[in-house]
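*Asks:* Each chain is listed here by its residues.
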Amino acid sequence: MAQKIEQNTTVITTPQVAKITRNNAALELRRARRSLLKARWPILAIIILSVMFFLALFGPQIAPKDPNRQTLILRLQAPMTPNAEGVVDFPLGTDALGRDVLSRVIYGARISLFVGMASVVIGGFIGTTAGIVSGYLGGRVDDIIMRLADIQLAFPFILLTIMVLVVLGTGVLNLIVVLGVSQWVTYARIARAQTIAQREREYVEAARSAGARDWHIMALTILPNILAPLIVIASFNVASVILAEASLSFLGLGVPPTVPTWGGILAESRDQLLGGSWWLAVFPGMAIMLTVLSLNILGDWLRDFLDPRLRRG
Amino acid sequence: MTRRTRFILLFIVLLLAATTLVVSAQTPDESTLIIAQSVDVGALEPALVGSRAESNIFNHLYGTLFEISDSGTLDPYLATSYTISEDGTEWTFTLNEGLTCHDGEALTADDVVYSFQRAADPANAFTGNTAGFVFPSVGYVDARVDGDLEATIITDRAQSEPLRLGLLSEVYIHCQDYYSSITLEEAADSPVGSGPYRFVEWVRDDYVLIEKVPDYTLLPAGFDQIYWRVIPEASTRVAELIAGNVDIIANVPPDQVAAVENSGTAAVQAVSGTRRMYVGFQFGEAFADAPGYDAIQNTDVRVAMQYAVDVATICTTLLGTECDRATSMVNPPNNNTALAPYPFDPVEAERLLDEAGFPRGDNGVRFEITLQGPRGRYLNDANVVQAIGQYLTDVGVQTTVEILDWSSDYLPRVREKNIGPLFFLGSGGSTWSALYDMADLSAPDAGTNYTNWLNEEWFTLWDSTAGLDSEAERVVVDEMLEVFYNDPPWLLLYFQPDFYGVSNRIDWQARRDEQIVVYSATVK
Amino acid sequence: MGSYIARRLLQSIVVLLGVTLLSFLTLHLAGDPTYLYVSERASEQEIIETRQKLGFDRPLPVQYFDFLGRLVQGDLGTSLRARQPALELVLERLPATLELTFFAMIFSTILALPIGIISATRRGTPLDGGIMLFAMIGQSIPGFWLGIMLILSVGLGLRWLPISGHIPVLQPALDGDFSTAISNIPNAFLHLILPGITVGVFSLARNARLVRSSMLEVLSQDYIVTARAKGLSEWRVIIRHAFRNALLPVVTILGLEFGFLLSGVVVAETVFSWPGVGRLVFNAINQRDIPLVQAAVVLFSLLFIMLNLIVDLLYAQLDPRIRLR
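Residue numbers (the numbering used here), protein chains in the order written: chain A, 985 to 1297; chain B, 504 to 1027; chain C, 5 to 329.
Be aware that a few hints might be false.
Computed Cβ-Cβ distance ranges for the label pairs, DEER-style [to be verified]: (1) A:Asp-1073 / B:Val-978: 23 to 31 Å; (2) C:Ile-52 / B:Asp-613: 29 to 37 Å; (3) B:Glu-825 / C:Gly-134: 31 to 39 Å.
Some, not all, of what chain C presents toward chain A, calculated at C-beta under 7 Å [said to hold, decoys possible]: (4) Ile-17; (5) Leu-29; (6) Gly-35; (7) Gly-142; (8) Ser-144; (9) Asn-287; (10) Asn-290.
Since the hints were derived computationally from the structure, they do not count as laboratory data. Quick reminder that beta carbons are idealized off the backbone N, C-alpha and C, glycines included.
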């Protein structure tokens, strides 16, 4: 769902944005802290995301059970059901194969966040590189890259994704690559616009006259100055990739069911809904919603924070 | 309450009333039956019918020579009788008098012969059940007109009588004048058949509408109109059934059965289907380097693994019903009743694996192996495959489960026999012939011998079944099934149960062979 | 203006070529799909013959240029599975998808404007907070999930709206049967609501937030401050001055929106049994029905390109600062 992020470009691509990062990092940090404290919601978002990352990193240590261990006769137990000894074995219940939902949701954080972040890194890398090169060199190269971007945009994202996953097969790696590649245009367009704005600036001129090579200027001089808006986009993109993964799981094109992901667990739960097994949907659904919500709140705050026009008092 | 809020309230009430009116107007009336299937037909071309969803509709549109009844008997339909030539290769069918196709054209032996020849014509490149399965299975050569009402089907071999009759009864009969006057493209969306219902309208991926042919005498027809709707998502199908907008749905997910039962508007009919579900052991040498391949070449290991899987629990939990464990690939009642199903006995499984020379290693693992399975093809398939993997792992056969998408990934692998070393598969069976069920393994190189099984005894016996009378055939069949049981190429599982959701307003009985046949369905 | 459009059209051809090449290569990546079009028990010889018949035995460049050659003549080939002209199949299903997409588009745009404006003018109030929280949640629910929940709650539980299915309006209208089209409208509308919400809710939430932030930006501009100082009523300021500018970012993304909504359509069409192109293409991809997929890709790209051209022209109308180059 690469296109959905496009909206942010209109708000962010002001030349002012890039200036900010250059000016006095310490001051900025202080301002960030003040702004965070004032806005409050972003703090909650950061806390939630930290918890999710913690779960993702230390999942194997935290999860009470093997997420793939089945016990068929204990299937579809409601949360907090005590066993014969009165002990609760499965705090969040069990799924259709008698696997521990809690452990699956914890392990799910790993794959879901990994897929989200890895594909954003891939898309961000390709897009930023293409955008800077395009904006800095201009001319023929610029034309070709921008035509490629047009092609990508005119090709409905969902068709391309389905095509690639059907033809190459599903799996974590293919998923990451296809979700990553499909969002490069967003980054490329922003990076290009920003680079064009920076290209003729004094500090770039200075680097050039000092004899720096082109790639050196692009990577070390321009890139740090245009990073801010790209980071904002990236935070929104992680959220949309997590949602895309869920939709693809529904279409049977997500990660194989032997690998627990939030989207996968949620998609599998749909056959149990009418049977009343709400916990199969609620917990992974909450995990997705909280994460996406937090990323969006954080992205919003970052954007407001980095865009001086919206700054108030 | 101000005047404005009152007005808004009134507006909302009116809107709700209107919606309720419209929604209730949707429910089916006395003369209309609505059936929901998960996939649409690909083309309305009788020679391209391949899927069950397609044959369900075509069985109502087109007549066949004989009819396979609910109980597995083969009854006269368009044909009244048949004779078999001395050497068993030529079958001559005698048709009913006064038959017509839906456009009024008289249906005679010419048309029967045309139906066979059209399906076989390589220029048409038909890939449906007739050209792709029936013809190679009977060794079809040609068809010939022997009289106004006598049509002869010529084959290259003799064959078990019910097997051939059943196979030939899968060929849809249509009229020559109409079909020879239109292009293939035109034929694909404007069928003219010979059955109790005729085609009215097809809105792709939405519905096919058929209506009763007046004064059709060969078969009964209850409802005036039948809608075959397409609803891909199972939850949506169930919701429509419970809401009373649909009368029959197939494949109710086991965990939604209770919801249907408790709805008060519909009930679930569970039937023991004829589809044989199994885990295949791959013998093909393409897998020689795969982990576990060597182990499963050992007959004792394959027998031991039969004891490791708790089929009964898989059925009651994942399929929501009791089921009989298969003793072979043959559906009851045509199976070898002397054979007892392998019981679930993990201790015995471990003992046999020890004896076969595969003791548990230090890590508790005897050997590693990959089990592949499809998703979205069979009842609860992905979960069943994962459960089997767990059971095998429990006895020390460390199993990695790979779930693949059915149509884009799994099916092509199956076709190329490029699957395994363990793979989960179902194969459609019959109620009317043991040999039909066994035809999966009709020759070592048969397209459906997916495991590449090479048991000489079995294939020698298979070749000896041609032309036997039913008693002698029974003896050979029982002997073959014992061979199969003792040198199993399959990890035997179950005959897939089928769940049909049926509205309480209609009277209809589900069949075992996955066919939805509704001629005789009526309003209660 | 004229030369601008001409240049854009020329670019569009390049884009179209790229899109077809990309999908062509992707579809052929894993070998040819012959096996899907022979029966289970086909012999090696039959497979070879079928491959020849389908034309998959030719080198890829030959197949691609053959495709292009026919494309120029408006022939997009015959669907392998349905044995019907591929273009016809797609066109036949397009009205249903367009109805759903445009309904979702209109619903998400028209509702977003008042919601965003109210939220912006009440900035910081609980109302604003509530709306924004709702918008955030709307942006974090997977579409298939929302669809199933709507079916179970509104469709099955409350019985307020139809659960699934499609009543055609556009198709009969295109066929010239206006009386059917008009009499179908009320029922068609009811059938559109649940799938429309499923497809459009993400965009609604996103657009509402977009309108809000651009409203906030506009409201702080000098000319608004001036207008207020002149003593114009608050609503007058908002409608006359701010509204037009708040519309800009929404218009910008309308073009891209179409492509995005389309992603939601594939899922919604499956959940709601909606006979549109999304499902057609999804099934076609699964069956490697290459001509059919290509036809859909070409058609969608054309729609997308045209829509974006229109949006750009519209944008220039709305914002005089922008000159078409």
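*Asks:* Now look at each hint and say whether the structure bears it out.
*Replies:* Results of checking the hints against the structure:
no.	hint	verdict
1	A:Asp-1073 / B:Val-978: 23 to 31 Å	violated, 54 Å
2	C:Ile-52 / B:Asp-613: 29 to 37 Å	holds, 33 Å
3	B:Glu-825 / C:Gly-134: 31 to 39 Å	violated, 52 Å
4	Ile-17	violated, 11 Å
5	Leu-29	violated, 10 Å
6	Gly-35	violated, 9 Å
7	Gly-142	violated, 10 Å
8	Ser-144	holds, 4 Å
9	Asn-287	violated, 10 Å
10	Asn-290	holds, 6 Å
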